[in-house]
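> Next come the chains, spelled out residue by residue.
2 protein chains.
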Amino acid sequence: MDKYQKIPDVVIKRLPIYLRYLDQLSAMDVETVSSQQMGDDLNLNPAQIRKDLSIFGDFGVKGMGYRVSDLSEKLRSILGLDKEIPIILVGVGNLGAALCQYNRYQSPSTRIVSVFDGHPSKVGQTVGSMVVKPMEDMEDFVQQNKVKMGIITVPSQAAQKVADQMIESGITVILNFAPTLIHVPSNVKVQNSDVTTELQALSYYL
Amino acid sequence: MDKYQKIPDVVIKRLPIYLRYLDQLSAMDVETVSSQQMGDDLNLNPAQIRKDLSIFGDFGVKGMGYRVSDLSEKLRSILGLDKEIPIILVGVGNLGAALCQYNRYQSPSTRIVSVFDGHPSKVGQTVGSMVVKPMEDMEDFVQQNKVKMGIITVPSQAAQKVADQMIESGITVILNFAPTLIHVPSNVKVQNSDVTTELQALSYYL
Numbered sequence: 001m002d003k004y005q006k007i008p009d010v011v012i013k014r015l016p017i018y019l020r021y022l023d024q025l026s027a028m029d030v031e032t033v034s035s036q037q038m039g040d041d042l043n044l045n046p047a048q049i050r051k052d053l054s055i056f057g058d059f060g061v062k063g064m065g066y067r068v069s070d071l072s073e074k075l076r077s078i079l080g081l082d083k084e085i086p087i088i089l090v091g092v093g094n095l096g097a098a099l100c101q102y103n104r105y106q107s108p109s110t111r112i113v114s115v116f117d118g119h120p121s122k123v124g125q126t127v128g129s130m131v132v133k134p135m136e137d138m139e140d141f142v143q144q145n146k147v148k149m150g151i152i153t154v155p156s157q158a159a160q161k162v163a164d165q166m167i168e169s170g171i172t173v174i175l176n177f178a179p180t181l182i183h184v185p186s187n188v189k190v191q192n193s194d195v196t197t198e199l200q201a202l203s204y205y206l
Numbered sequence: 001m002d003k004y005q006k007i008p009d010v011v012i013k014r015l016p017i018y019l020r021y022l023d024q025l026s027a028m029d030v031e032t033v034s035s036q037q038m039g040d041d042l043n044l045n046p047a048q049i050r051k052d053l054s055i056f057g058d059f060g061v062k063g064m065g066y067r068v069s070d071l072s073e074k075l076r077s078i079l080g081l082d083k084e085i086p087i088i089l090v091g092v093g094n095l096g097a098a099l100c101q102y103n104r105y106q107s108p109s110t111r112i113v114s115v116f117d118g119h120p121s122k123v124g125q126t127v128g129s130m131v132v133k134p135m136e137d138m139e140d141f142v143q144q145n146k147v148k149m150g151i152i153t154v155p156s157q158a159a160q161k162v163a164d165q166m167i168e169s170g171i172t173v174i175l176n177f178a179p180t181l182i183h184v185p186s187n188v189k190v191q192n193s194d195v196t197t198e199l200q201a202l203s204y205y206l
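Read top to bottom, the protein sequences are chains D and G.
Numbering follows full-length UniProt numbering, with no gaps: position 107 of the first sequence is 107.
Numbering follows full-length UniProt numbering, with no gaps: position 63 of the second sequence is 63.
Derived by calculation from the structure, the hints in this document are not laboratory data.
Any given hint could turn out to be false.
A pair holds if it fits inside one copy or across any two, identical chains being indistinguishable in the list.
DSS-like mimics (lysine-lysine), calculated; alpha carbons at most 27 Å apart, straight line [to be verified]:
1. LYS74 <-> LYS189
2. LYS189 <-> LYS51
3. LYS146 <-> LYS122
4. LYS6 <-> LYS51
5. LYS6 <-> LYS148
6. LYS146 <-> LYS74
Hey, can you work out the whole structure from these sequences and the hints?
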């Protein structure tokens, strides 16, 4: 993993988009694709695509483009998606429930395996075919199942505490949907996903 | 707007994050902030912050940093958030309902003003204090209320059709939560927001 460490986050974020596209091509029995075609279909610059992919090796075949199955296999391996990645989610409000429900159908490799909530009224409910567990059970679950990734969908004021508990339990990568900044040690990766800031950024293009 | 057109999307996406941070400082009666402090608090490179902000003008005061109120006012104006931006949402599943509910409390300037769904069973329901309207009412609503931004939270197979209807009605900016690519004319801006690709990108950091 070390040799990849300087790869910009923006490049990493594009890899799953390439992967999903390649999987769609594969489902249509398409065997090769050019960076030009990828760029057209994905609304991205073909030169950017070639540059992104060249970081990880030489996948192109001159005059033919990329072999769909080779490239998707390689991307899956780079992203660590060749095995199942167990994820926990904390906070079963509307958004948390929606993510659990959606995840059942959409994510073969990144899978929410357990959900937790601090409210006694939520504990024992079923979301996305999982029974909500109390926060006290989180640490044991994370350690026994070697979970490294967590999703936070609690209100802002609870987000930091939940993040701290996750990190103490052994979580190293957090996807945070609470609209607030959480502070974490430098060895923990946090990605903030906030619809409000997305909408605000988009309003620039109006 | 023309003079800003070459600003990279990644810079635009950081502006709402700066803005939210500045609003938090303002609520704590902080009057000035250095790029160093901003960088520490936001987990960003201070040089990157200075570079981002310098695109839009010279906001810093030597030895003092940025004036919080001036900078937040300027960012709000750059993003077009000094007025209310009406938004419609199509697709009242779990995710759509969660976004409507959440938006009521979080977004003073980017506001979901109406929701639509193609399923008769959803029409007439109330989400986030709005009554779900049938798709046939969308075009009139968009035109009468000069709505330019739309959120898509329908299943993948319905996303393109909904996007086409939005664009025909006059929508020019779309936030798409359906896990599929939608094709739009070059004058329409689409931002894809997909939890699965976010989780897949994050798995790289495990």
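> Determine for every hint whether it applies to the structure shown.
Hint check:
no.: 1; hint: LYS74 <-> LYS189; verdict: within (23 Å within a copy, 31 Å between copies)
no.: 2; hint: LYS189 <-> LYS51; verdict: both (25 Å within a copy, 24 Å between copies)
no.: 3; hint: LYS146 <-> LYS122; verdict: within (25 Å within a copy, 41 Å between copies)
no.: 4; hint: LYS6 <-> LYS51; verdict: both (15 Å within a copy, 20 Å between copies)
no.: 5; hint: LYS6 <-> LYS148; verdict: within (21 Å within a copy, 39 Å between copies)
no.: 6; hint: LYS146 <-> LYS74; verdict: within (25 Å within a copy, 46 Å between copies)
In this structure, every one of the numbered hints holds.
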